[in-house]
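Asks: Listed here are the chains, written in short residue letters.
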Amino acid sequence: MIKKESVVTLFLIEDDDVDAMSIERAFAKGRIANPLVRAHDGLQALQMLRDGEVKKPFLILLDLQMPRMNGLEFLAAIRDDNMFRDSVIFVLTTSKSEQDMAAAYDNQIAGYFLKEESGESFLGVVELLNGYWKIAYLPC
Amino acid sequence: MNTKQPQTRRTLSGTLHWYHWLVVAASLMLTLGAWYITSQQARQKMALQFNFQAEHIIELVRERMRKYEDALWSGTAALHALPGELTNAQWQAFSKALSLETKYPGINGIGVIHYVPPDQLPGYLAAQRMYRPGYKIHPPHQIKEYWPITHIEPVETNRKAVGLDMAHENNRFSAAKKARDTGTAQITAPIVLVQDAKKTPGFLFYAPYYQGLEIPKTLDLKQKAFKGIVYAPFIMARLMDGTLQNENRLINFSIHDGKDLLYNELSQDSVDFDPDPLFRMIEDIDLYGRIWHFDLRSSLLFRQQNSNPQPLMILVGGLVIDTMLLVLFFVLATANKRAVDYADTVTHTLVERNQALERSNAELDQFAYVASHDLKAPLNAISKLAAWIEEDSGDALPQVCKPHLSLLKGRVQRMASLLDDLLMFSRVGRDNYELEAINLKTLTGDIAQLLGIPSGFICQAPDISVQAYRVPLDQVLRNLIGNALKHHDQASGTIDISVALNETGFTLSVNDDGPGIPAHLHEKALEMFQTLKPRDEVEGSGMGLAMCKKIVEHYGGSLIIESDGEQGTHIITYWPLAQQEVK
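Chains as they are written, first to last, in the working numbering: chain Y, 809 to 948; chain F, 188 to 770.
Bear in mind the hints are in silico, worked out from the structure with no lab data behind them. Remember, it's a predicted structure, so these values are computed and weren't measured experimentally. Just to be clear, a hint being listed does not mean it is correct.
If you only want the chain F side, here are some residues facing chain Y, beta carbon under 8 Å, derived [to be verified]: (1) Gly476; (2) Ala564; (3) Asn567; (4) Lys571; (5) Arg601; (6) Leu605.
Anything over 10 Å on all C-beta distances counts as not near chain F; from chain Y, calculated [what the hints assert, rightly or not]: (7) Ser830; (8) Gly838; (9) Leu867; (10) Glu881; (11) Tyr913.
Note that CB positions come from ideal geometry on N, CA and C, so glycine has one too.
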């Protein structure tokens with residue numbers, strides 16, 4: 809089940825293009841070669857997962873405020889899904905709401921980051937992810 | 188109107204509870220009970236009074252009859268005392284001595300009846316005719332003996348009776364014989380006196396006298412020794428007038444002897460006759476050989492004198508009180524219902540207002556959220572894009588554009604802090620905190636470090652602890668110290684924090700030696716989004732003081748500015764000890 813050697817894909821679920829671009833720029837700046845797949849909202853993300861557009865192993869970086877299906881709804885849906893309930897998910901959001909935070913951790917997220925505290929162009933988050941998947945074993 | 192009426196009534200009676208009705212019912216029962224008992228008592232008292240009066244009447248009659256009897260017996264005694272045959276003059280003298288008119292009112296006269304056997308008749312008549320030539324015995328009859336009335340006084344009113352033979356008529360004769368045979372006083376059954384022109388009922392009263400002083404023991408001896416009778420005729424009406432004179436007529440009555448009516452007051456003609464008497468008594472009285480049947484009834488006068496208004500007053504008074512009680516209950520219950528209705532209305536209104544308030548608070552929350560996320564997100568994007576332009580263009584960007592880019596970033600920064608302050612302002616009082624002891628020196632030190640006090644400035648506070656909520660106190664102190672630094676016009680200065688504790692709370696002042704705020708601007712300084720200097724000169728959202736005031740007032744305190752606008756500003760905040768949250 810565990811495959812350490814494979815390259816980890818970052819599945820970014822984010823409606824804001826600038827924020828998505830920030831991540832891309834951070835990848836480029838840090839010379840990270842891992843594939844980056846993006847969905848614009850929860851519904852699209854679920855569809856892409858089920859269509860097999862995202863190759864395992866992957867990490868999900870999830871925004872909370874999104875149209876159609878927001879981050880919390882996506883979390884509830886994926887934890888209910890037999891195929892993908894074991895996904896490792898980080899939340900990257902502007903919401904400082906404790907309720908949002910508690911609801912997210914209730915759905916077994918691996919970490920909750922605030923966009924404004926994630927450093928210039930999310931460099932901090934990207935560095936963390938880069939370190940994480942270098943040493944962590946992920947479900948596949 | 189007609190259809191509404193019953194509904195109103197139902198609502199009214201619906202406002203009364205069972206215990207109201209219970210009290211009214213109990214009170215009504217009490218009233219009726221009191222009325223019943225007092226009326227029973229009054230009736231008993233009246234019955235006693237009536238019985239007493241009735242017995243009194245009967246006793247009066249008896250007593251009067253005894254008196255007459257005495258008079259008759261004194262007549263027999265007088266006859267015995269006389270030496271020879273009785274003469275009319277002697278009898279006249281005797282009757283005068285009795286003074287009938289005054290001592291025996293009601294008596295019609297007093298007379299002597301002689302028993303005359305047939306063989307003695309001529310001698311008797313001869314003796315009488317010696318001084319009364321016309322004397323004769325009348326009327327004729329079949330019986331072979333004579334019982335004539337020899338003397339009667341006063342003779343003027345009794346002239347028709349002179350010579351009247353008792354044997355001619357059964358009532359007179361049988362009573363006379365009975366008197367002879369028993370040796371006792373007797374009265375006759377009702378008769379009409381010959382001397383009574385009105386032909387009203389009357390009777391005769393007999394007392395027998397015999398040969399010798401003693402009344403013979405046996406019947407035989409009595410009949411042999413019998414000499415005659417002393418008698419008195421009575422007209423019943425006169426007798427009763429005499430008996431009952433000066434009596435209050437509380438009672439009307441009638442007397443029957445057998446079937447014959449002797450005396451009757453029980454008719455509409457009688458004084459104070461009551462056709463529906465309150466009381467009635469029937470009594471048979473044995474009087475000298477006759478049974479007199481008394482029928483006594485209470486009169487109108489009795490009704491008048493004995494009618495006791497007390498039970499009626501109790502009943503009426505009680506009913507009035509009961510009615511008033513009921514009305515009072517109605518009024519109270521209605522008033523109570525109105526009050527409850529009003530309270531319901533007010534409560535309803537309050538609930539609605541509260542809901543509206545909650546809605547508006549929720550909307551404010553939503554607004555804060557929008558401010559923090561929806562407004563900040565594009566702002567962040569702008570900031571990033573500007574940075575990327577700067578990054579990616581490098582030296583390709585014209586020199587003139589570079590300060591524009593940096594101005595752009597500055598404005599973005601200002602807007603971000605405005606949004607942060609706005610969010611914080613709207614969130615004042617939304618969180619609950621615990622009271623704790625806070626050391627002002629430590630707190631001030633922490634704030635100074637966080638704000639990064641420029642060199643040359645001193646920020647000092649006394650080493651005193653106060654009981655307060657940490658977060659609000661920290662917010663206020665941080666804003667005030669920040670303001671003092673931000674608005675200072677010199678390169679160096681002192682910010683002095685002082686505190687004064689008293690029983691009701693503590694006063695915390697932030698004093699600086701800056702330029703001060705002119706008095707006419709104090710009010711403006713406390714308004715939202717108001718800055719006293721251009722934002723490019725002193726960076727600020729204009730919300731600091733307004734938020735401090737809002738926070739302090741939320742905890743029941745106050746904030747005032749003291750400054751002459753020339754040297755230094757004192758911002759004085761008062762925090763009540765309880766620091767009760769005021770919603």
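Asks: With reference to the structure, classify each hint as holding or not holding.
Replies: Cross-check of the supplied hints:
The interface hint given for Gly476(F) is violated, since its Cβ lies 125 Å from the closest Cβ of chain Y, which is over the 8 Å cut-off. Given hint, Ala564(F) at the interface with chain Y, holds; its Cβ is 6 Å from that chain's nearest Cβ, closer than 8 Å. Checking Asn567(F) against chain Y: minimum C-beta separation of about 7 Å stays under 8 Å; hint holds. About 6 Å separates the beta-carbon of Lys571(F) from the nearest beta-carbon of chain Y, less than 8 Å, and the hint is met.
Hint status for Arg601(F) relative to chain Y: violated, with the closest Cβ pair at about 16 Å, above 8 Å. A hinted interface residue such as Leu605(F) counts as satisfied when its beta carbon comes closer than 8 Å to some beta carbon of chain Y; here the least separation is about 15 Å, so the hint is violated. Look at Ser830(Y): its CB is around 6 Å from the nearest CB on chain F, not clear of 10 Å, so calling it non-interface is violated. Taking the minimum C-beta to C-beta distance to chain F, about 15 Å, the non-interface status of Gly838(Y) holds against the 10 Å cut.
The beta carbon of Leu867(Y) sits about 23 Å from the closest Cβ of chain F, which is more than 10 Å, so the claim that it is off the interface holds. Its beta-carbon lying about 17 Å from the closest one in chain F, Glu881(Y) satisfies the requirement of being farther than 10 Å from that chain. The Cβ of Tyr913(Y) lies farther than 10 Å from every Cβ of chain F, with a closest approach of about 20 Å, so its non-interface assignment holds.
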